[in-house]
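Can you build the whole structure from these sequences, using the hints too?
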Amino acid sequence: MNIEKTISALKKNNYEVSFFKNAEDAVQYLNSSLNDEYIGFGDSETMVHMNLFDRLSSHNKVIDPKHCSSKGFYDTALECLTTDIFFTSVNALSETGEMVNIDGTGNRVAGSLFGHKKVYFLVSTNKITPMLEDAIFRARNVAAPSNAKRLGLRTPCAVKGDRCYNCSSPERICNGLLIYYKKMNNMDMEIVLIDEKLGF
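For the record, in the sequence shown the residue sitting at position 90 is 90 according to the UniProt record's numbering, with numbers rising by one throughout.
Incorrect hints may have been included.
As a list, the in silico EDC-like pairs of lysine to aspartate or glutamate whose alpha-carbon atoms are at most 16 Å apart [to be verified]:
#  : residue 1 : residue 2
1  : LYS118    : GLU4
2  : LYS118    : GLU16
3  : LYS11     : GLU171
4  : LYS5      : GLU171
5  : LYS117    : ASP84
6  : LYS117    : GLU190
7  : LYS61     : GLU79
8  : LYS182    : GLU196
9  : LYS21     : ASP36
10 : LYS117    : GLU79
11 : LYS197    : GLU24
12 : LYS61     : GLU37
13 : LYS117    : GLU196
14 : LYS66     : ASP54
15 : LYS66     : GLU79
16 : LYS118    : GLU37
17 : LYS182    : GLU16
18 : LYS12     : GLU190
19 : LYS197    : GLU45
20 : LYS21     : GLU4
21 : LYS197    : ASP36
22 : LYS118    : GLU190
23 : LYS117    : ASP36
24 : LYS149    : GLU45
25 : LYS61     : ASP36
26 : LYS21     : GLU196
No lab work stands behind these hints: they were computed from the structure.
Written as structure tokens, this is what we have:
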């Protein structure tokens, strides 16, 4: 894992990059940067581990499908697509500067592509792989099975816990795979890279 190479590649791909040694430093940076903002979250165990909802909610309006209460997941996730700021993570990041996400519902990848004043990607260094092909492999065979197992799903990858089986299970959570080759045009996007193991 070459962090400096990864940061350089991300910058060449037109992303703003901030690097932090641990999650707490990253949270303090975000907490001090955002005030009285309208923020939407995409599903992310990385952000759960960072306790980001509680920290930002004290002085911002934060919408999170994991805290959907009476509105329900769908309506809450839909509202996240209309916020000024959007937060999510990725399943893998290559040293060559590409990022990969797998999504079952689509709210996470949809929110990361268009329509917000700024998008933050919170990415821990355990998700870094050498090449794009390795990032795709990691997303499919490491991140997705781990997430399916966490959710208690009865997909083959969750039950066996070893790899993707490209199943047809109704509980399948890997229905779409997105590769971010470079920053989207006309979008402000920042990668917050954290040198700590977070999420899947």
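Verification of the supplied hints:
1. LYS118 x GLU4: violated, 24 Å
2. LYS118 x GLU16: OK: LYS118 and GLU16 at ~11 Å, within 16 Å.
3. LYS11 x GLU171: violated, 37 Å
4. LYS5 x GLU171: With a Cα-Cα distance of about 37 Å, the restraint between LYS5 and GLU171 is violated, given a limit of 16 Å.
5. LYS117 x ASP84: holds, 5 Å
6. LYS117 x GLU190: Satisfied, since the Cα-Cα distance of roughly 11 Å is no more than 16 Å.
7. LYS61 x GLU79: holds, 12 Å
8. LYS182 x GLU196: Since the Cα atoms of LYS182 and GLU196 sit roughly 24 Å apart, the hinted pair is violated (cutoff 16 Å).
9. LYS21 x ASP36: violated, 27 Å
10. LYS117 x GLU79: holds, 15 Å
11. LYS197 x GLU24: Roughly 13 Å separates the two Cα atoms, so the pair holds.
12. LYS61 x GLU37: holds, 6 Å
13. LYS117 x GLU196: Not satisfied, since the Cα-Cα distance of roughly 28 Å exceeds 16 Å.
14. LYS66 x ASP54: Answer holds: LYS66 to ASP54 is near 12 Å, not above 16 Å.
15. LYS66 x GLU79: holds, 13 Å
16. LYS118 x GLU37: Within the cut-off at roughly 11 Å; holds.
17. LYS182 x GLU16: Roughly 11 Å separates the two Cα atoms, so the pair holds.
18. LYS12 x GLU190: Roughly 13 Å between the alpha carbons, so the hint for LYS12 and GLU190 holds.
19. LYS197 x GLU45: holds, 11 Å
20. LYS21 x GLU4: holds, 13 Å
21. LYS197 x ASP36: Roughly 30 Å separates the two Cα atoms, so the pair is violated.
22. LYS118 x GLU190: The given pair, whose Cα atoms are some 8 Å apart, holds under the 16 Å limit.
23. LYS117 x ASP36: holds, 14 Å
24. LYS149 x GLU45: holds, 13 Å
25. LYS61 x ASP36: holds, 7 Å
26. LYS21 x GLU196: holds, 7 Å
Of the hints listed earlier, those the structure fails to meet are numbers 1, 3, 4, 8, 9, 13 and 21, in rising order.
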